[in-house]
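Participant: Residue numbers (the working numbering), protein chains in the order written: chain C, 1 to 557; chain U, 1 to 105; chain V, 1 to 166.
Hints in this document: simulated from the structure, not taken from any laboratory.
Hints should not be assumed to be uniformly reliable.
As the list claims (entries may be wrong) - Straight-line Cα separation of at most 27 angstroms, DSSO-like style, residue types lysine-lysine; simulated pairs:
1) C:K37 to V:K3
2) C:K330 to C:K190
3) U:K56 to C:K97
4) U:K38 to C:K478
5) U:K56 to C:K37
Said to hold, decoys possible - Taking beta-carbon pairs under 10 angstroms as the criterion, some of the chain C residues facing chain V (in silico):
6) D5
7) E17
8) Q18
9) N121
10) D276
11) K280
Don't be surprised by glycine CBs; every beta carbon is placed ideally from N, CA and C.
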Amino acid sequence: MYRYDEFDHAFVSDRVEQFRDQVARRLSGELAEDAFKPLRLMNGVYLQLHAYMLRVAIPYGTLNGRQMRKLAYVARKYDRGYGHFTTRQNIQYNWPKLSELPDALADLATVEMHALQTSGNCIRNVTADHFAGAAADEVADPRPYAEILRQWSSVHPEFSFLPRKFKIAVTGAERDRAAIQVHDIGLHLKKNEKGEIGFAVYVGGGQGRTPMIAKKIRDFLPEQDLLSYTTAIMRVYNLHGRRDNKYKARIKILVHETGVEELSRQVEAEFAELRDTELKLPERDVAAISAYFAPPELGSRAEGWANLAQWKKADPEFARWVQNNVQPHKHPDYGMVTISLKPIGGIPGDATDTQMEAVADIAEEYAFDEIRVSHEQNLILPHVALADLEPVYRGLVAAGLATANAGLITDIIACPGLDYCALANARSIPVAQELSTRFGSPERQAEIGELKIKISGCINACGHHHVGHIGLLGVEKKGEELYQITLGGSGDENTSIGEIIGRGFEPEKVTDAVEVIVNTYLDLRLDPSEIFLDAYRRVGPQPFKDALYGDKTAAAA
Amino acid sequence: MADKVLTANRLSDGISVWLDAAGNWNEHLQDAFVARHKEAVDALEATGRQAFADNKVVDVNVVDVEEIDGVLRPLRMRERIRAEGPSIAYAAGYSGLTATAAPAA
Amino acid sequence: MTKIWNEAGFVTDDPWVIETEDAKAGSNEKAILGLDDFLAKVAEGDETGLGVLINPADDVRRLEGHLDRIALVAVAFPAFNDGRAFSHASLLRSRLTYAGEIRAVGDVLIDQIPLMLRCGIDSFAVSNETALKRLSENRLPGIENHYQPTARPSQDAGSYSWRRRA
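So here's chain C without its partners, still in its complex pose (with noise of 0.2 angstroms):
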């Protein structure tokens, strides 16, 4: 993975030393709340309902024990003692204090850790498909590109103002597992004809209010341009998105108003001119950025595969554990392991400092010193022996992080919801907890198989609920909590918007009628092999519908 230089220490340095300065004017009145705001933002520091939330960049999701650690110690010393893993691959904590944040980003850069741009008008952190280096379908390892935009984007002073804020998405293989249909870009790593690396460029997808699917503006961007292609983009945007709405400022709005042909001309003209500019990316400069990401040394560890069949068979637990949570690795004597942060009945995506300490041990001894967080709120240790999967579930075991339920139905991924934020209708965490504990039972999840249910607690989205198998929405009707659901929608390479299928749900009714919708798929499936998502785009949302709300007409919520 990357590590900082002197440059990138000194710069983290003085960013942190910049922000303090900015948080003492605070203080002492002499900066306003209304300056301050966005300047904050920039440092990932929102106010929420009961206190501050600081979200902590992990870039593309990559991590190593040290700084895993450093997350705990931060939990520790300026918090409750828990963080919360993301939808973008970054970590929330909820009750840091305004005075001590800068000395919490000064004990987090000694880790080459930051804060910076997780929030406000900016270009946020740029994520990558969480199995990067270790996937077998992998075209080329996206995380390089990854970290080449997450430096130039870096308090880009053009780009620091955008009328909205700017979420771009990186993934290396056709299956799309970085969900770059739903991102301000996409950027879809390819090989031409000739083996040269280059990128699909996708613009203007996104969730929230409007949830769209990105347009496609270039079939192959050369690797040499990924930057001046997408100061391009940038340019175009902050000339033109609008400003005047904050509900219609993000470019997919822009691409939708202006039509995707005119803007990728625009695109088009502002790129011809920057093409040969001092933007463009040597060959050499890539070669180094990707040295960081080599795959660690893979020795050869036959062995696992006897010693996983006598475990299996010993422990029907770990077996349920290694079918569920373990994907295939391109070396054949590895795996790719998810720790899953969604316990039956418990919080999605959240851990204690001791868990986030336990993960840094098995990390270190187990995983090549490599974890990952996804996009779907879990822990990823991408290289792990199978001869290593027994001690590493024993690990597991002990910190309540061996739950076998990865993409399945109580995989649950939540936003922090009414619990925790302030722009939150309605809440989200105890409806997963519901869900989780009804469908908990290991026989039940593993009948119905891949479910992905996403819940998100307002409008915004950022529970992802428009591309969940099963998405729900909270909202506030009258004073009360009402849930909207949505079938069908999928983050993958074929997204889809998920349908909203009728009127809303009380909270005690929402359990009832998700079990309707998972009864009504098992019994029209052709069989166990099609999963729900499959199912619902054979029958369309009818048979769901009316399984629902029977006769009666389903008005929309």
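With chain C held as given, fit chains U and V onto it using these hints.
Facilitator: Leaving out everything else, chains U and V in the frame of chain C:
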């Protein structure tokens, strides 16, 4: 007119607070001063504006409450959660440590 | 009170005035014209040394071909978070190769001045108390290491191609 209290978040640590009868920013809703007439609400709003200008608090709002058997209850769920804290167990000791146990029926 | 600042310090006797309905440039003053007025003026005569105001929604490229007649371009920040003028200034310098004065006007605050400088803005109409104070102390809150080339040239960092130093 519904009864009202003045609430905000403390600038230095962001903690939710309510103005009490002594004019202090108090972490407990139940100690909040309740304004029951327009003049009292106006005074609350003025106090809020001053406290914001004095850089003691941010995000100042007057919110509706009802008093039931001497207990203050905000009318909006959002404000109830602000007063009571997240509606879920969290931090050390939460059910995550028994994650692989069978769920409750 | 508004003062004009550039990297050499505060400017006294600045002649420039943004003309409005109520305020016109006096005898010792020079008018900063709105874009349409400027374009009308260059069409009708030979005057040089003109001042022009670029508002956020203006297309700064309309100045192309007239740059040799301009002494000052004012780029407006009506709200400090309206970031369009950063692009206007960048385009003026890098695309139109304008070499005259670019002045930030409007809601100019100390924390944005380092960013404005990097985009090629070289003078500032400042009213904000804290900004005036910090500028008089020459305490700008910028960071020296830059991760991107900008309109204002800066030193090669001797590292990756996109890095620069103040």
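Participant: Can you list which hints this structure breaks, lowest number first?
Facilitator: 10
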